[in-house]
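Hey, can you work out the whole structure from these sequences and the hints?
Just add 52 to the spot in the sequence shown (first one is 1) and you have my numbering.
Quick caveat, the hints were computed from the structure, so don't treat them as lab data.
Accuracy of the hints is not assured; some may be wrong.
Said to hold, decoys possible - Okay, the calculated beta carbon distance ranges per label pair: (1) GLY184 <-> SER234: 17 to 27 Å; (2) SER242 <-> ASP218: 16 to 26 Å; (3) LEU193 <-> SER242: 21 to 31 Å; (4) LEU252 <-> PHE67: 47 to 57 Å; (5) GLU135 <-> PRO195: 18 to 28 Å.
Said to hold, decoys possible - Below, simulated EDC-like cross-link-like pairs (lysine to aspartate or glutamate); rule was C-alpha separation at most 16 Å, straight line: (6) LYS169 <-> ASP125; (7) LYS262 <-> GLU213; (8) LYS90 <-> GLU135; (9) LYS192 <-> ASP170.
Computed from a predicted structure; not experimentally measured.
Note that the Cβ used here is the ideal one computed from N, Cα and C, for glycine as well.
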Amino acid sequence: IFSPVQWIRIRLEFFDLDFERFVYLAENYPKELQHAGKELGKDIQTLVRKLLTETKLDGIYYCVQNVQSPKYDQKTYKEIVGEDELAVLKLANELSPYNILHICGYAHHKNNLDFYKDYEAGAYNWAVHTEGVSLSEGRKLFPGKCILGGFDNNPKTLITEGDRADVEKFAEDCIEESEYRSFILGADCSVPNSIANERLRWITYCAQEKNREQGE
Numbered sequence: 053i054f055s056p057v058q059w060i061r062i063r064l065e066f067f068d069l070d071f072e073r074f075v076y077l078a079e080n081y082p083k084e085l086q087h088a089g090k091e092l093g094k095d096i097q098t099l100v101r102k103l104l105t106e107t108k109l110d111g112i113y114y115c116v117q118n119v120q121s122p123k124y125d126q127k128t129y130k131e132i133v134g135e136d137e138l139a140v141l142k143l144a145n146e147l148s149p150y151n152i153l154h155i156c157g158y159a160h161h162k163n164n165l166d167f168y169k170d171y172e173a174g175a176y177n178w179a180v181h182t183e184g185v186s187l188s189e190g191r192k193l194f195p196g197k198c199i200l201g202g203f204d205n206n207p208k209t210l211i212t213e214g215d216r217a218d219v220e221k222f223a224e225d226c227i228e229e230s231e232y233r234s235f236i237l238g239a240d241c242s243v244p245n246s247i248a249n250e251r252l253r254w255i256t257y258c259a260q261e262k263n264r265e266q267g268e
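This is the structure:
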């Protein structure tokens, strides 16, 4: 589930293939963007309520992202974007404790993770490799919470190109860095659709084996 203003960005970038217009609108029409986010937020809350009360879903994977503009410092972001993001997340948390906050670094978009320290969620996922914030460093921002991540999701990286031994070694390192507590092994964001399922199974089997070893 994308946060309210992210639906606007997704429409412009993925459907219209206009990769500059969202930031232009955010910089030049902030109040209009805020109003649009508020209206979209109403529909998103309706969707979230239905998903978490009328289906068997355990929770939502909630996508947020900094506006990629120096004009959007934490104060401006909170005023224009954050209020409506939090309204959706608050509703989701009222209906389920299993929601994941995904701080999206897709295509190397950068985020200041401090913007989201007060966003309550069951687990937190950010782009370790894009942000340069390790799993253990990020855990300090979200103390006592579950952390999700590990692999770089971008094409031509370890998860798509590495041999099995290297992939498994990296998975093991991530698990050990987590100290076997409150951790879900995953990636920075969605992995390429073209990735072979076998490569993902290497990671799954490795995690299962490490879990068995820890339980012995």
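Okay, the hints, checked on the actual structure:
Checked against the given bound of 17 to 27 Å, the beta carbons of GLY184 and SER234, roughly 22 Å apart, stay inside it. Look at SER242 against ASP218: about 22 Å separates their beta carbons, and that is inside 16 to 26 Å. A hinted range of 21 to 31 Å for the beta carbons of LEU193 and SER242 is consistent with their spacing of about 22 Å. Distance hint for LEU252 and PHE67: a CB-CB separation of about 28 Å, inconsistent with the stated range 47 to 57 Å.
Distance hint for GLU135 and PRO195: a CB-CB separation of about 24 Å, consistent with the stated range 18 to 28 Å. Between LYS169 and ASP125, the direct Cα distance comes to roughly 15 Å. Compliance with the 16 Å bound is thereby established for this hinted pair. Restraint check for LYS262 and GLU213: the C-alpha separation of about 23 Å exceeds 16 Å, so the hint is violated. For the suggested pair LYS90 and GLU135, the alpha carbons sit about 9 Å apart, so the restraint of at most 16 Å is met.
Of the supplied pair hints, the one linking LYS192 and ASP170 holds, its CA atoms being roughly 13 Å apart against a limit of 16 Å.
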